[in-house]
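*Asks:* Residue-level listing of the chains:
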Amino acid sequence: MDKTIRFKLNGKEVRVETSPERMLLWVLRADLGHTGTKYGCGEGFCGACTVLVDNRPTFSCQFPLAKAEGKEVLTIEGLASGGRLHPLQQAFADHGALQCGYCTPGMILQAYALLRRKPQPTDAEIADALEGNVCRCGSYNRIIEAVRTAAKAMKGARP
Amino acid sequence: MTRIKDGNDDYTMFGPDGSNSGTALERREFLKLAGGGLVVFFAVGDGLARQEGARGGGYPDDPNAYLKVGPDGRVTCFTGKIEMGQGIITSLAMMLADELDVRLEAVDMVMGDTDLCPYDAGTFGSRSTKYFGPPMRQAAAEARGILMRLASERLGPPVEELATKDGMIYIAEAPANRVSYEALVGGKKIEVRLDKKPPIKHFSKHAVSGKPTLRTDARAKVTGEAKFSGDIRLPGMLYAAILRPPAHGATLKSADTAAAGKVPGARVVRDGDLVAVLHEKPDIAAEALGLVEAHFEPSDSKLDNATIFAHLKKTAPRAETVVEAGSLDEGAKLAAKTVERSYFAHYVAHAPSEPHTAVVRIEGDRATVWASTQSPFRAQTEVAQTLGLPTANVRVITPFVGCGFGGKNQGGQIVEAARLAKLTGKPVQVAWTRKEEFFNDTFRPAAVYDVRSGLDAENRIVLWDYKNYHAGSRSSQPVYDIPHKRVRSFGGGFGGGSAGGAVPAHPFGTGAWRGPGSNTNIFATESHIDILAEAAGLSPLEFRLKNLADARMKKVLTAAADKFGRTFAKAPTGRGYGIAITDYLGTYVAAMAEVEVDKEKGAVRAVRVVCAQDTGEVINPEGARMQIEGCITMGLGYCLTEEIRFKDGRVLDENFDTYEIPRFSWLPKIEVVLVDNPDMAPQGCGEPAVTVMGAVIANAIYDAIGVRLFTLPMTPARIKEALAKS
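One line per chain: the protein sequences are C and A, in this order.
Counting the first sequence from 1 gives a position; the working numbering is that position plus 513.
Counting the second sequence from 1 gives a position; the working numbering is that position plus 61.
So here's chain C without its partners, still in its complex pose:
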């Protein structure tokens, strides 16, 4: 049965009328046109669909829309502001921390969540936090450098 679900998407109120059992990933991509969030595995094993729900990293392929009601959802489209890249986005670009770029949105949002929890993580903590996000191109070494650089650039501020 369709229901009206309201939540904040990248700071803006949105209203969707659809089945609340549908996964957030598909609502973002097909209903709301936010295609930056990617499908990778559909079962929570790859992290390509990572978004933030009330600042918690969330695999949107496993997250029913009903649970988003009244919450704040942040996707990759909401990270840059006024044409300025977020320090994490800038650091990913500056370190060449991506190749095909398909896992990149999920990777950046997972790192964003980490820096909120822990503004100055060690390399081991970065690797640990991102373990659920896979990069088939193998950019892991550069992603760790990028997150380290972004943390430094933000000088301990939480994103």
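Calculated from the structure, these hints are not laboratory results.
You may find that some hints are simply not true.
[Said to hold, decoys possible] Heads up, simulated DSSO-like pairs for lysine-lysine below, C-alpha to C-alpha not over 27 Å straight-line:
id: 1; chain 1: A; residue 1: K616; chain 2: A; residue 2: K191
id: 2; chain 1: A; residue 1: K607; chain 2: A; residue 2: K394
id: 3; chain 1: C; residue 1: K631; chain 2: A; residue 2: K730
id: 4; chain 1: C; residue 1: K516; chain 2: A; residue 2: K323
id: 5; chain 1: A; residue 1: K314; chain 2: A; residue 2: K257
id: 6; chain 1: A; residue 1: K398; chain 2: A; residue 2: K607
id: 7; chain 1: A; residue 1: K730; chain 2: C; residue 2: K665
id: 8; chain 1: A; residue 1: K730; chain 2: A; residue 2: K314
id: 9; chain 1: A; residue 1: K528; chain 2: A; residue 2: K363
[Claimed, not checked] Partial list, derived from the structure: chain A residues whose beta carbon lies under 8 Å from chain C:
id: 10; residue: V240
id: 11; residue: S241
id: 12; residue: A244
id: 13; residue: K262
id: 14; residue: A287
id: 15; residue: D292
id: 16; residue: R294
id: 17; residue: L295
id: 18; residue: S414
id: 19; residue: V462
id: 20; residue: G463
id: 21; residue: M695
id: 22; residue: P723
id: 23; residue: S726
The beta-carbon is built from N, C-alpha and C at its ideal position, and this holds for glycine as well.
Chain A: place on chain C using the hints.
*Replies:* Only chain A this time, still in chain C's reference frame:
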């Protein structure tokens, strides 16, 4: 950055910032801009006609096929190659910028668009820079030559007294006297003939190439703006969910689609074996497909991972002799010691980040396709055949592709989308699920390798008798100086090897997998070389240097050893060091690795990998490093865990829970040494370093625990089994 719009027909141009969405232009406006008279018409010699779509005839001679100088001075490069992460969106633009003397930021890339780009067989085999680069450079040199001629008429002095920089032509002695490319183009159609082809620049004159350059598509990819095929949205588009058999070889007996058809908005389509449910929401289509009650005849296949190797030897076709020199009998006579061993490699999945995806729209007698493909022109032909249209009526547009590794040479999803678009009369998107990706993939073939070898009293390799079954012949020739040798390849098809065989060898599709043939041939060859080194009582490094005649290879190996260090602890120590080298289609690679092995768990951790590579002239050192680092990281997967488990036609691995690919916790310290060799034309870089990984890790494991693994992947279970037997 620009997007061209023709009705709903998005034409994608990758801007200098890599973005492939943005300002929309009418397509006719673009064509005017690109080819309709606002640009210089280059003609060389007899004025060769534009050889658009010259299939099978190599790349065209006409420079217009490769580039346009627009009235705004921007340069557009047209290539049938596609961008899937390997970074040619940057490096090809760098090559063009150098040859034409424009800033890298002034170059736009149009990639993999069959309407606009010169025909290309596909993006595979590390061939883009090596084979597309030279004719594109030549085209740019001609374009620059023509612009110089026009400038000479405008400025007065002869061409010899002019110079070019950043899209400007100026009098060398009086740089203030100058004219821009766009001023020369001046909105006119100008036909100019050059009597002879201008030479391309010597590498020492390059201002852009050779300098580490960040990816030009990074901004689009970190903002989520980069469009992949699954991100294409068309009015009225339906997403398809397709019924799959439970096993390869299982045939559909019956399908009851009544319940699926009752899902509001769902549309069921049946055409022979193709049963699909379509919906305007992809997840609802998938859910409705789950309501289909289907029955299949079971597969005839009785193969599994335990029986496959014997089957492969039994079904091998006749051999192709790859190389034969001296006499094996003579080699055997000279041999003081002989070593005979067999090696095995299991099936491996491509597991691209982005599963195979395609969108097809049919309008009248024309079709437009957006697809994640490494072979847009092949897709064009396949769609034309499927729809009964002339090839020219099908346009394939290739957005960004999320990994390929050879798996997207095949485009089953494209044909499926074309059939469904025709059957429904709507634009259709087919995006394989991860499970479908694991089922429909064309796996790296499982293969067997038999090696017989001999050392003379001076520890020189004098005998090498190598046979492989279904691996392919690429990199099967030893790089060592061996007087009596024979290499035979029984079957393969990808990366060489004889074709055919009466009985189908594999229970499912197989195909090229990054460094096809090579990555397992090198596992067998370079593992075997280590066994010989031990038999000779020499270190793996000394033994290799002693048996190599190729100075370039020695240099690369020495560069790796200089970086890594040369002291090898005696096995078994718990930590181990390994070496492996290869010549991959002209790119030389030497890798050295350190591993730790937990004997209780059988777990291997790569601690450090050093990779030295000679790729000839390096266009983008940063891009080359990224490719090598990626090869090393990805390669650990087929070394240690990646193996497709299957039984009776079923593929048992369906997702990344059981099919483990490298993650952050696997990451070794990686050090890359680019061996300087700019006098050699650029070679390939996307695959070479992945091919040494099996052997370098196997050799390091042996050094660590004194036990050799003969089968890829070297899983904890296999390591524990090998330890128990030792």
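*Asks:* Could you tell me which of the hints above the structure violates, numbers in ascending order?
*Replies:* 5, 8, 10, 11, 12, 13, 17
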